[in-house]
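Listed in order, the protein sequences are those of chains A and B. Residue numbering for the first sequence follows this note's numbering, beginning at 501 and increasing consecutively. Residue numbering for the second sequence follows this note's numbering, beginning at 97 and increasing consecutively.
No lab work stands behind these hints, which were simulated from the structure alone. As the structure is a computational prediction, the values presented were derived from the model and not from experiment. All the given hints hold, so there is nothing to weed out.
With the Cβ distance kept under 7 Å, some of the chain A side facing chain B (calculated, not the full set):
#1 GLY514
#2 ALA608
#3 ASN711
#4 PHE714
#5 PRO754
#6 GLN757
Even for Gly, the Cβ is constructed at its ideal location relative to N, Cα and C.
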Amino acid sequence: MSLPVEVLTGAVRGGTSILYAAVGESVSETAGVVNLGTEGSMLVGALAAYAVTANTGNPWVGAAAGAAAGAALALVHAYFVLQRRSNQLATGLVVLFLGLGVTSLFGAAYVSREVNSFKPWAVPLLSKIPWVGEILFHHDPLTYLTFLLVPAAWFVLRRTGIGLLVRGAGERSEVLATYGHNVRVVQYLAVVTGGLLAGVGGAQLSTAYANAWFENMTQGRGFVAVAVVIFAARKPLAAMGGSYLFGAALALSPALQARGFAINQFALDSLPYLTVILVLVLLGRKRAAQAPEGLQKVFELSTS
Amino acid sequence: MRRSTRYAAAAAVASLLLAAGCSSNGGTPTNAAAGGSSTTAAPASSGTGPGKDSKAVGFIFVGPKDDYGYNQAAYQGAMAVKAEFKDLEVLTAENVPETDEAARVMEGMIAKGAKIIFATSYGHLDAAMKVAADHPDVAVVQQGNFIKGTVPPNAGTYFGTVYEPVYLAGIAAGKATKTNKLGYVYAFPIPQTIANIDAFERGAQSVNPAAQTYVVNTSNWCDPAKQAEAAKSLLSQGVDVLTQHQDCTGTITKAAEAAGAMVVGYHADASSLAPKGWIAGSEWDWKALYTDIVKTALAGDFTGSKYNANFRSGLKDGLNPFVQSKYGSSVSDDTKTVIAAAKQDISTTGSPFKGPVVAQDGKVLIPDGTVPDYATIESTITVFVKGVVGDIPKQ
Numbered sequence: 501m502s503l504p505v506e507v508l509t510g511a512v513r514g515g516t517s518i519l520y521a522a523v524g525e526s527v528s529e530t531a532g533v534v535n536l537g538t539e540g541s542m543l544v545g546a547l548a549a550y551a552v553t554a555n556t557g558n559p560w561v562g563a564a565a566g567a568a569a570g571a572a573l574a575l576v577h578a579y580f581v582l583q584r585r586s587n588q589l590a591t592g593l594v595v596l597f598l599g600l601g602v603t604s605l606f607g608a609a610y611v612s613r614e615v616n617s618f619k620p621w622a623v624p625l626l627s628k629i630p631w632v633g634e635i636l637f638h639h640d641p642l643t644y645l646t647f648l649l650v651p652a653a654w655f656v657l658r659r660t661g662i663g664l665l666v667r668g669a670g671e672r673s674e675v676l677a678t679y680g681h682n683v684r685v686v687q688y689l690a691v692v693t694g695g696l697l698a699g700v701g702g703a704q705l706s707t708a709y710a711n712a713w714f715e716n717m718t719q720g721r722g723f724v725a726v727a728v729v730i731f732a733a734r735k736p737l738a739a740m741g742g743s744y745l746f747g748a749a750l751a752l753s754p755a756l757q758a759r760g761f762a763i764n765q766f767a768l769d770s771l772p773y774l775t776v777i778l779v780l781v782l783l784g785r786k787r788a789a790q791a792p793e794g795l796q797k798v799f800e801l802s803t804s
Numbered sequence: 097m098r099r100s101t102r103y104a105a106a107a108a109v110a111s112l113l114l115a116a117g118c119s120s121n122g123g124t125p126t127n128a129a130a131g132g133s134s135t136t137a138a139p140a141s142s143g144t145g146p147g148k149d150s151k152a153v154g155f156i157f158v159g160p161k162d163d164y165g166y167n168q169a170a171y172q173g174a175m176a177v178k179a180e181f182k183d184l185e186v187l188t189a190e191n192v193p194e195t196d197e198a199a200r201v202m203e204g205m206i207a208k209g210a211k212i213i214f215a216t217s218y219g220h221l222d223a224a225m226k227v228a229a230d231h232p233d234v235a236v237v238q239q240g241n242f243i244k245g246t247v248p249p250n251a252g253t254y255f256g257t258v259y260e261p262v263y264l265a266g267i268a269a270g271k272a273t274k275t276n277k278l279g280y281v282y283a284f285p286i287p288q289t290i291a292n293i294d295a296f297e298r299g300a301q302s303v304n305p306a307a308q309t310y311v312v313n314t315s316n317w318c319d320p321a322k323q324a325e326a327a328k329s330l331l332s333q334g335v336d337v338l339t340q341h342q343d344c345t346g347t348i349t350k351a352a353e354a355a356g357a358m359v360v361g362y363h364a365d366a367s368s369l370a371p372k373g374w375i376a377g378s379e380w381d382w383k384a385l386y387t388d389i390v391k392t393a394l395a396g397d398f399t400g401s402k403y404n405a406n407f408r409s410g411l412k413d414g415l416n417p418f419v420q421s422k423y424g425s426s427v428s429d430d431t432k433t434v435i436a437a438a439k440q441d442i443s444t445t446g447s448p449f450k451g452p453v454v455a456q457d458g459k460v461l462i463p464d465g466t467v468p469d470y471a472t473i474e475s476t477i478t479v480f481v482k483g484v485v486g487d488i489p490k491q
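Work the whole structure out from these sequences, hints included.
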């Protein structure tokens, strides 16, 4: 496998868990709620998926459990932010630590368990296309699902009445209320959907990619997803690009080393994070100005 | 107002990203001992050294006690101590970071009556030395690191010569490979890891001069996703035997099995994860060494003993806590005979680093015919030998 093909394949493989979380966070932020607990939702999703797969032998049941667990944790965030009007950023962090603590406690028993994980499956015909086939069509089923999820998320958010409600909840909640919609319900659903997708991302990490559960195994990927959403301006397609960029930066280091290239390892290791920070710095100011009104209100700590 | 809060939010995200890059968890001591009945009599006291007549022993681990690896083995060692000394309370703490937090955890154990402390991770040394300096009556031993300069009367380090069984496993890998490419996934370029990689390559070379070892590091003791990526990269380069130096070993073992490659284990017997690909491995058995250290300290004989130093145990003294795992089904009797002969040689007059040992750049590390002692190996085998493909990351 040539170096570019290997790195790009690794980008899709490693970026998919982040992509799930980023699409979820896009939905949540479009409705005006930032969820830094995304990392926590990924973690509980990873553990729930792994544990349920270990006990049922079916990774699909596991992925469903991961989705439910991620959604449940996001519900905690939604309750405190929407019902109790607590600060979004602080609450998100608390929710993250809740997820970390819960998974450390209940995950210990699963560290040494073996599971029947998702297997990579080459798509007939498409996988034979030179380059593209290798990069895109030799993956696990959860990765293929993102190829449908991303356009679907875009379509729902931008082209449907539901999307209009979600955007309205983030931009002009008083208008929504005037028209008789329940803003809080819309926001609840958006946040929970975000957690659900982050949970599936966690499931992809533990039962399709790494095939293991280990305490804090997300290693900050949920935060990367939040950062990706900021520079993707909550656009699912751009979030896909951002997630793959991070995945590529992660894949570059082992690909170069396995070929015996002598490159400063520590610089390579920080590359994924530097990439994200750099893009944030370059795009941050412009993007932040376009953020939904609801998000900007949050930053001023005001309540409506 | 709006602008400044926006920057504050950006700063928060940035700092979280940084924190994510180097995360660690706080650990809390848990009391693992039951107040069991006293059946074993305390050893007869002879000396007056640190740790004498201690009522408890403390163990700190950098990871969870069931990681299928390093920490699990150390924990099992602690449980062996508990079984051996029924009067002793055994205190254990998991997930103790390699920071000042470790010193606080050890202080907490001392407050509970522990006068013998095992700090079991490489990076616990600084904290362990600090605690040792503050408590002259407590014996503090550290696993795997090296005290430079004068060793205080109540401290020491201990370790097995891990590279000996790794060398033997390298022989199995060299015999098994068809592509002559072996893959080694490691975490950090610490001396112990470099010696392992070199020993593995030398073991393979001893039976297959064309065998080369390709190395990839992950800069993390356990990031399963990074391990998966590293394994894929090596396998795509034609590597057909994978081994590793990681704290959690499941991901790479399964990746090798899934790709139809062979795998050499490390830290623990993971042959059940790779029924087809498992060929050999090395694992820990700390029971004998831990028990002996505790016995020595309880008797008051710690100061001046072999453990009051940088103690290294190997095949030659029979106490080596690092032993060979069982062979996989594909290993031939011929290979087993070759390995048995090599083991016999190392146990008597040989060494995995018997000269000539030549570095990647051609520099002779150990001259022809010389059999280095453990201290010499630790101080000279700090670079990759010829046959290893890859570079040691520079600061």
